[in-house]
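As given, the protein sequences belong to chains A and B, one line each in that order.
Residues in the first sequence are numbered from 0 upward in steps of one, following numbering that gives the first Met the number 0.
Residues in the second sequence are numbered from 0 upward in steps of one, following numbering that gives the first Met the number 0.
These aren't lab readings, by the way, just hints derived from the structure by calculation.
Some clues are possibly wrong.
[To be verified] With a straight-line Cα cutoff of 30 Å, these simulated DSS-like cross-link-like pairs (lysine-lysine) come out:
1) A:151 - B:85
2) B:31 - B:85
3) B:85 - A:27
4) A:99 - A:27
5) B:253 - B:271
6) A:117 - A:200
7) B:68 - A:80
8) A:182 - B:271
9) A:158 - B:88
10) A:80 - A:91
11) A:125 - B:88
12) A:125 - B:230
13) B:245 - A:158
14) B:147 - A:185
15) A:151 - B:68
16) A:117 - B:43
17) B:142 - A:125
18) A:63 - B:142
19) B:257 - A:19
20) A:185 - B:83
21) A:151 - A:91
22) B:88 - A:182
23) B:53 - A:125
24) B:89 - A:158
25) A:91 - B:43
26) B:147 - B:245
27) A:80 - A:182
28) A:185 - B:68
29) B:83 - A:182
30) A:158 - B:271
31) A:91 - B:253
32) B:68 - A:125
33) B:135 - A:185
34) A:99 - B:11
35) A:80 - A:99
36) B:245 - A:117
37) A:63 - B:271
38) B:53 - A:151
The residues making up each chain are set out below.
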Amino acid sequence: MTDGLTIENSTENFETWIAKDFVSDELKPSLHQTSILLVPTIGFRKQNEPTFPVLTEDLYYYFKENLPKEYSVELCIDESKYLEIALHSNYKRIGNFIVKDIVLPIFIGLLVAYITEKYIRPEEAKPHINIVNIDNSSHTTIINEDVKPSPKIYLAPTKVTFSVTVVDTNGTSKEYKYEGEAKDVKVVTEEIKKLWDNDKK
Amino acid sequence: MTRNDIEVQLLKIGQSKIDFDLVLAELATLKKIAVECDNQEEAKKLWILEQIVKINILYSTVFSLLKSKSYYDAWCKLEQIEIKFKDLKKHYSYDNESYKLYFIEKSVTNLQTIFPYRLFFSTEILELETRCNICKQVLTIRKPCGHKLGEIYNGELCIRIISRCELLGTSIVEDPVHKYAVAFSGNSETDKITDQYNYASVDYLMELVNSPYEEWDLEVQYQLLPHSLFKAYSRNDLCPCGSIEKYENCCLQKTGVKFMTHEFIVEKPSDKKIITKT
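Construct the entire structure; sequences and hints are all you get.
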């Protein structure tokens, strides 16, 4: 399995999240209709307080604009309780998603496109630092593209973290979490899809 | 002066002296006219030119600050250039020659590489009220104002202003969002801050490069230095490469000790080598 990817059996699904006390009765019907739910982290610093990572607004509208019209995305929280938290280490916290299995391939495509547009492409467009490995004992110069340690951590490749809980029609679910380099997101999400499909066989 | 005149003038950056402040004033006048005529496309083109000029002004300032050894001020300006590039590149792609942008972007990364800073303060902020800088409206998540983050409206970049927030905590990190939050040592009794960092690499580069647009590049070399140079270290000491592993579990297992060095590629090279830990 790809480094940084973990899988856990989950007891969470759309019903358990919609039943939370930060979802009002007026909001519930529209959340029942949705195929992707963006859910908060609860109790990050204050007990029971639901918060979303900074730039959730950007992600939410990206999904809204790009999802095929038969599918939809919603935030699992009342308007008045919505808060974003900015954690200023440069780890990009994308979000926590609850996804119906039928929409998983489309969700994965959009998530990869979002991370590519926001983080991977800008990084690739930056001029690179020239890094050379020299072995003085054997007088050889080794330029190895695959082993390029970054000279400073603050210049290292962007890292992302997200979790996806996939739910089948019976409400059973599995949670996939990823923490690692943004550039690996395509491989990781393809693996999530494969693992889910194999599990359901 | 028209936008075209300004573009032609800016193509000479690095070859002839340009009064950037005057150019910025001209751009502001043209942009005001474009906005009054609701010519959004023209206003956006003028915003792009403004960013190019501001990047060049900031880079020249960085160079002067480094020459006068105002390291931290220069460091903060480097971050401002980095942010400007991030905003600009969403709307404008450039080649290796245009307006010296490639040279500046590469130089910024190279300078950030040779700076000695490693630890930074990082805040955790709960955003309680957010406004759009274009319409000043307080934003709610399901009723957006319609202005998209990072787009250009009336010749201005759309950003979010956090108008009310709560500071939840501070931590020390190596990969900050805000590079300006450098950790300096201080004395709590005298409130005096000490700059404890070693800027030998930066100073050495500044000895070799005389003007902001003089070409230079950096090669970061990871050299394996022979173990005979590290006889003072026992097997159980921390590895001299700077990792937090024991020497015997780290570089002693390799043919040499891994050391990072900086080699500057400049127009007028010097034979001088400095050995310093930054």
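List, from low to high, the hint numbers that the structure doesn't satisfy. Hints 3, 6, 7, 8, 12, 17, 19, 26, 27, 28, 30, 31, 33, 34, 36, 37 contradicted; others consistent.
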